[in-house]
Amino acid sequence: MYSWRKIREKLFTCIVTVFSLLAIAPIIHLIIVVSINGGMAMLKAGLNFFTDLPPTPYSKEIGGIAPAIVGTAIVTAISLPITISLALFAAIMTSEFPRNPISLTIDAVARSLASIPTIAISMIVYVLVVVPMNRFSALAGAIALAIVAMPYAYTYISTALRSVPAVYREAALSVAMSRWGTVLRVLIPIAGKSIVVGILMTMARIMGETAALLFTVGRMRATVPFSPTEPVDAIPLLIFDYILSPYEIWHQVAWGATAFLLLAYVVIFLAVKLVVKEVRM
Amino acid sequence: MSLLPFSLSLLAILIISIIVIMQRSLEALQVFGYRLFISSTWNPEIGVYGLLAPLVGSIVTSLLAVFFALVFSLPLTITITEHLRGISKKIVTSIVELMGGIPTIVYAVWASQYLVPFLKTFIMEPLHRMFSFIPLFSCRPATGFSVLSAGFAIGISIIPYVTALMIEAYHSIPIAYKEACYGIGATRYETIRIMLSLSRPAILAALILGLARSLGETTIAVATVGNSMYLSACLFAPSYTVPALIASQFANAHLYAHAESVLYTSILVVMLISVMLSFYASTILIRWRSRIVV
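Top to bottom, those sequences are chains A and B. Note that the numbering used here gives residue 188 to position 188 of the first sequence, counting from 1, and the numbers run on in steps of one. Note that the numbering used here gives residue 213 to position 213 of the second sequence, counting from 1, and the numbers run on in steps of one.
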């Protein structure tokens with residue numbers, strides 16, 4: 001009744017399913033653990049978690065991560081516009097003149113830029129920005145993040161622009177619109193939602209990047225900074241330092257900050273899902 | 001062509017980056033030469049540097065990571081493309097996408113606090129007890145922070161990336177092959193085997209890209225690899241990877257002669273390897289695409 005082929009078929013399906021479940025088990029465990037540990041830390045600290053300074057290693061109170069939140073906000077606010085505008089121009093160029101040698105070069109460059117380790121970019125910006133300015137600064141961090149995120153933003157935006165059917169471009173050109181007009185008034189509005197998705201994903205990437213900030217932003221945890229030329233802190237950097245420290249109280253702060261970062265990422269992810277859904281309809 | 005200057009910014013960044021790293025590592029290469037790559041002594045006080053341990057550590061860790069990623073990504077790819085339909089497919093795909101974007105620092109926190117103790121108790125200690133005569137498992141897992149932990153943790157973090165590449169490759173195989181298989185009465189297992197053998201170059205390319213990515217992984221490596229200058233054949237011993245070495249040494253490197261330059265040399269090597277790997281992978285992909293599409 002049951003031939004070897006049928007048994008093998010069932011066996012194969014079983015093994016594949018088990019391994020797939022094992023593959024997504026870590027992420028589910030991760031989300032649960034981060035929510036519990038981070039949630040407890042945040043509950044213990046209360047709303048002060050968003051307004052206070054980090055604790056000293058031997059203090060009883062958890063304190064807060066205000067400098068890191070403000071720092072991440074400043075750094076993201078500087079680097080996101082730079083990244084998006086440069087990536088948008090490059091993407092328009094390569095999607096308008098796809099066979100031009102310059103466009104082919106840019107494509108290849110974007111790929112190899114994405115494969116440079118982010119810690120190398122941190123070291124490069126250290127030489128180019130931190131050493132000449134003679135101090136760490138939010139600006140240096142923003143430049144490093146822009147370099148890290150640029151290839152991603154470029155890939156998202158150029159995929160979005162290239163997915164617009166050619167008929168729209170032909171229609172626009174046939175009513176004598178200029179090339180620029182076509183791009184600005186036809187292509188970008190049509191690809192708009194996908195470009196928004198790309199911008200959101202780039203933002204998530206910028207917010208969560210750690211290694212690029214190691215030698216660029218400094219670690220200003222004593223006050224809440226507001227100037228782009230001053231050293232600042234960032235949420236991922238704070239987590240990195242505190243989770244590797246031996247102090248229990250810093251571990252708690254790190255868990256709280258991790259939960260906050262994960263929550264921010266999940267919110268962006270859900271927003272992306274909503275936008276994508278609208279595109280389909 | 002008014003867009004030219006903006007579009008060339010990417011190219012300019014790449015060239016400047018390479019020049020800076022090369023120029024900074026020149027000093028160490030002139031002073032130490034090839035001796036940098038054959039010793040693993042690290043003593044800035046007396047000016048002796050060796051990069052062998054972190055380089056070997058980086059390569060072993062990344063190979064392990066790619067191996068674990070393959071073990072889990074391939075079944076995941078098959079499940080998503082062949083076994084799931086409708087809403088369940090959407091959910092699993094969304095989970096994989098969600099995994100892909102989670103900041104690596106979150107993985108690092110989770111891995112250092114939960115994964116490493118878990119691996120120590122349930123994988124390393126049993127393996128050490130039973131197979132301690134094999135050099136790979138010969139040392140006692142002291143803290144759990146080791147090459148194996150780092151490989152596993154980085155492997156988990158690149159699963160979504162490798163899976164996404166594999167799914168893309170799988171979808172780009174013309175449907176005619178699959179129809180032909182079912183048409184001659186092949187079972188689903190046999191069909192999948194044929195589809196996988198057709199996409200073997202693309203799977204290889206996905207793994208090479210995963211390797212390039214795990215070579216540069218910093219935060220997870222620092223949190224799990226144990227950070228010690230120690231060259232050993234054992235997978236349970238703590239070690240270093242190049243990014244982990246830089247993350248822990250660069251801040252104080254300016255205090256010692258040549259230390260900064262040595263660190264730039266180490267990242268130069270990793271950078272060259274990963275750029276070459278990703279170029280090689282994209283060459284494989286382009287050649288495969290032009291052959292597979294009929």
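Do not take every clue at face value.
[Said to hold, decoys possible] Quick look at which bits of chain A chain B covers, simulated, 3 or more residues with Cβ under 8 Å:
no., stretch
1, 40 to 47
2, 201 to 208
3, 220 to 231
[Unchecked claim] List of simulated lysine-lysine pairs, DSS-like, C-alpha gap at most 30 Å:
no., chain 1, residue 1, chain 2, residue 2
4, A, Lys10, B, Lys178
5, B, Lys89, A, Lys277
6, B, Lys120, A, Lys10
7, A, Lys273, B, Lys90
8, B, Lys120, A, Lys6
[Unchecked claim] Reference listing, derived: stretches of chain B covered by chain A, where coverage requires no fewer than 3 residues with Cβ under 8 Å from a Cβ of chain A:
no., stretch
9, 120 to 132
10, 212 to 225
11, 267 to 279
These are computed hints drawn from the structure, not numbers from a lab. Glycine included, C-beta positions come from ideal geometry on N, C-alpha and C.
Against the structure, the hints come out as follows:
{"no.": "1", "hint": "40 to 47", "verdict": "violated (count 0)"}
{"no.": "2", "hint": "201 to 208", "verdict": "holds (count 5)"}
{"no.": "3", "hint": "220 to 231", "verdict": "violated (count 0)"}
{"no.": "4", "hint": "A:Lys10 <-> B:Lys178", "verdict": "holds, 19 Å"}
{"no.": "5", "hint": "B:Lys89 <-> A:Lys277", "verdict": "holds, 16 Å"}
{"no.": "6", "hint": "B:Lys120 <-> A:Lys10", "verdict": "violated, 34 Å"}
{"no.": "7", "hint": "A:Lys273 <-> B:Lys90", "verdict": "holds, 11 Å"}
{"no.": "8", "hint": "B:Lys120 <-> A:Lys6", "verdict": "violated, 39 Å"}
{"no.": "9", "hint": "120 to 132", "verdict": "violated (count 0)"}
{"no.": "10", "hint": "212 to 225", "verdict": "holds (count 9)"}
{"no.": "11", "hint": "267 to 279", "verdict": "holds (count 8)"}
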